[in-house]
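Construct the complete structure from the given sequences, taking the supplied hints into account.
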Amino acid sequence: MGRFLALRLIATIPVMGVVAIVVFVLVRLDRGKAAAQLCGDICPPERLAEIMTRLGMDKPLWEQFGLWLLQLLQGDFGRSIQSQIPVLKLIGDRVEPTLSLAATTLLFSVLVAVPMGVVAAWQHGRWPDRLIMIFSVIGFSVPVFVLGYVLILAFPLSLGWLHVQGFQSIGAGLGGFLARITLPTLALSVIYIALVARITRTSMLEALSQDYIRTAYAKGAATRTVLIAHALRNAAVPIVSVIGIGLVLLIGGVVVTETVFNIPGIGRLTVDAILGSDYPIIQGVLLVFSVIYVLINLVIDVLYTLLDPRIRY
Amino acid sequence: MGGRQSSLRLALRNPGVAAGGGILVLLVAMALAAPLLTAFDPTELTPRLRLRAPGGDHVLGTDMAGRDVWSRVAYGARISLFIGFAAAVLALSAGTLVGLVAGYVRALDGFLMRIMDGLMAIPGILLAIALVSLSGASLGTVILAIFVPEIPRVARLVRSIVLSIREEPFVEAAIGLGTPTRLVLWRHILPNTLPALIVQGTYIAASAILIEALLSFIGAGLSPTLPTWGNTIAEGRDVFQRAPWIILAPGAFLAVTVLAINVMGDGLRDTLDPRLAKRVGGVGQ
Numbered sequence: 001m002g003r004f005l006a007l008r009l010i011a012t013i014p015v016m017g018v019v020a021i022v023v024f025v026l027v028r029l030d031r032g033k034a035a036a037q038l039c040g041d042i043c044p045p046e047r048l049a050e051i052m053t054r055l056g057m058d059k060p061l062w063e064q065f066g067l068w069l070l071q072l073l074q075g076d077f078g079r080s081i082q083s084q085i086p087v088l089k090l091i092g093d094r095v096e097p098t099l100s101l102a103a104t105t106l107l108f109s110v111l112v113a114v115p116m117g118v119v120a121a122w123q124h125g126r127w128p129d130r131l132i133m134i135f136s137v138i139g140f141s142v143p144v145f146v147l148g149y150v151l152i153l154a155f156p157l158s159l160g161w162l163h164v165q166g167f168q169s170i171g172a173g174l175g176g177f178l179a180r181i182t183l184p185t186l187a188l189s190v191i192y193i194a195l196v197a198r199i200t201r202t203s204m205l206e207a208l209s210q211d212y213i214r215t216a217y218a219k220g221a222a223t224r225t226v227l228i229a230h231a232l233r234n235a236a237v238p239i240v241s242v243i244g245i246g247l248v249l250l251i252g253g254v255v256v257t258e259t260v261f262n263i264p265g266i267g268r269l270t271v272d273a274i275l276g277s278d279y280p281i282i283q284g285v286l287l288v289f290s291v292i293y294v295l296i297n298l299v300i301d302v303l304y305t306l307l308d309p310r311i312r313y
Numbered sequence: 001m002g003g004r005q006s007s008l009r010l011a012l013r014n015p016g017v018a019a020g021g022g023i024l025v026l027l028v029a030m031a032l033a034a035p036l037l038t039a040f041d042p043t044e045l046t047p048r049l050r051l052r053a054p055g056g057d058h059v060l061g062t063d064m065a066g067r068d069v070w071s072r073v074a075y076g077a078r079i080s081l082f083i084g085f086a087a088a089v090l091a092l093s094a095g096t097l098v099g100l101v102a103g104y105v106r107a108l109d110g111f112l113m114r115i116m117d118g119l120m121a122i123p124g125i126l127l128a129i130a131l132v133s134l135s136g137a138s139l140g141t142v143i144l145a146i147f148v149p150e151i152p153r154v155a156r157l158v159r160s161i162v163l164s165i166r167e168e169p170f171v172e173a174a175i176g177l178g179t180p181t182r183l184v185l186w187r188h189i190l191p192n193t194l195p196a197l198i199v200q201g202t203y204i205a206a207s208a209i210l211i212e213a214l215l216s217f218i219g220a221g222l223s224p225t226l227p228t229w230g231n232t233i234a235e236g237r238d239v240f241q242r243a244p245w246i247i248l249a250p251g252a253f254l255a256v257t258v259l260a261i262n263v264m265g266d267g268l269r270d271t272l273d274p275r276l277a278k279r280v281g282g283v284g285q
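Which chain is which? The protein sequence lines are R and D, in order. Quick note on my numbering: the first sequence kicks off at 1 and runs consecutively. Quick note on my numbering: the second sequence kicks off at 1 and runs consecutively.
Careful: at least some of the hints might be erroneous.
Stated by the list, open to error - Pairwise CB distance ranges, derived in the manner of DEER restraints:
| id | chain 1 | residue 1 | chain 2 | residue 2 | range |
| --- | --- | --- | --- | --- | --- |
| 1 | R | 32 | D | 114 | 22 to 32 Å |
| 2 | R | 92 | D | 55 | 23 to 33 Å |
| 3 | D | 47 | R | 54 | 46 to 56 Å |
| 4 | R | 302 | D | 224 | 41 to 51 Å |
| 5 | D | 242 | R | 71 | 41 to 51 Å |
| 6 | R | 310 | D | 163 | 16 to 26 Å |
| 7 | R | 170 | D | 242 | 29 to 39 Å |
Said to hold, decoys possible - Stretches of chain R that chain D covers, calculated by requiring three or more beta carbons in the stretch to come under 8 Å of a beta carbon on chain D:
| id | segment |
| --- | --- |
| 8 | 11-20 |
| 9 | 143-153 |
Just so you know, these hints were derived from the structure itself, not from any lab. Model, not experiment: these values are computed from the prediction. Cβ coordinates follow ideal geometry from the N, Cα and C atoms, glycine included.
Quick look at the structure:
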């Protein structure tokens, strides 16, 4: 296990390298823009060259890349252009709402989607299966923001339920937290439920066609036992893998959902940065989310070996 | 040739392909005929008529600036459908090129696929946001920002097909007969990637249309003066409670378009590429 973990960690290095290069290209483009802006409308070439020297842009590219990387490794992600606050601090301040929304969505989706997929596979070809598949295709297609507005219209405005906007920390009271996070969680969950239910169904169908299922039925095991203890356990690896891949969908969805429901999280931070052309923030968010994605994949790979002892590295 | 024709007929008999494709044809017709179907200029400001509810002259009502929502929806379809189509074609072309090279030239495989892994680790939507906000949003940069993050998935798909097909006897026979690599790729390997690519293309188009709307919605998309669905939705944000039709009308068209393409893609996958049906299907947003 230790050896596997070490190898797996080493394998993330080239991936992180590519991520770093892509983000560096963006950073470089934006420094060029900043230099031109500092120089003003009528810009003599000597003056532009002088500004570029001051910004360290005259050094060879690989040297600039190295310096930038060194700063990153020291936790220096640059500063916001507008507020001059370090980017990493800005992101840290906004992490709680985003993390809360992602966690409630993940929890709710998995709790709903896995049973849905199991039922669909069990009732293969019959109406529960059809209904669940229809829901799944529609769930893929309805944009989060449209769904969000429909929910706002349907619930709080007409029924007077729940809160439409904002966020309250779970530490400040569970009631207030739930009243505000329920609708965004519902809106964001739909696509995720569609994805996970679909994979659970496919994976369960595969497992249910195996000989050991027939054996389990033959020895008189109850349907529920066969479905959960025999089939679902063997179908778990692809399901866990899709839950991980799906987190990427969540990241995109979070940005939009936070805008619709006015939640002050990382998504809101990003949207405000776009409007204010605050590039260091956008690049910081890009880097942080990429690192999170790579780490999640690492965790999933480790989970595989726990879920399926046949997988050995 | 016969084989290809019959698989096309088979595909059309699939209810998903027929229904999704039919709706898509209607939407394309609507987009092309937008000037004939609408009575108002989608960008004409008439503040006097602002926030009119649907009905009368304005079938789907008017927005904050008195622009006709139906005109904006009809003209917006042009932009959405074009971006979906362009992004799919470009991502498929670039991804196929990378996948073919990686699958066939062993020396480059590791290098290319590590780059693809790295690109895949960057959340596509955030990369698109960063690219567009930095280089300014034009039709070109928006399409670029949407199709680049899709390349790795296509490249992986093509590579995996190439790796399995190059072991097939007919490919080994062709190589054994001294067929130049270029021809082996073009005549024997590329045609076998087509069914999977067509299916993947529909999913990319659906996702591209959603991402374009999303970019416009958060203010990182095409110029707000253009009547895209995302822009119309974004403009309806502040008056949503008073005038929900500004968001619901383009939102419904957006959802139906993406749904039609996804349903068509699922149908194509089931008929053209039964092997693929087992793998992970389309991933929307």
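Each hint tested on the structure:
At about 28 Å, the CB distance of residue 32(R) to residue 114(D) agrees with the hint of 22 to 32 Å. The hinted window of 23 to 33 Å between residue 92(R) and residue 55(D) is violated, with their beta carbons roughly 50 Å apart. For the hinted restraint 46 to 56 Å between residue 47(D) and residue 54(R), the CB-CB distance of approximately 48 Å keeps it satisfied. The hinted window of 41 to 51 Å between residue 302(R) and residue 224(D) holds, with their beta carbons roughly 46 Å apart.
Take residue 242(D) and residue 71(R): their Cβ atoms lie about 48 Å apart, and the range 41 to 51 Å holds. Range check, residue 310(R) to residue 163(D): Cβ separation about 23 Å, and the 16 to 26 Å hint holds. The hinted range of 29 to 39 Å is satisfied by residue 170(R) and residue 242(D), whose Cβ atoms lie roughly 33 Å apart. Counting residues of the segment 11-20 of chain R whose beta carbon lies closer than 8 Å to any beta carbon of chain D gives 6, which meets the minimum of three for the stated coverage.
Coverage of the segment 143-153 of chain R by chain D holds. Counting CB-CB distances below 8 Å, 8 residues qualify, and the rule asks for three or more.
Comparing the model with each numbered hint stated earlier shows that hint 2 is the single one that does not hold.
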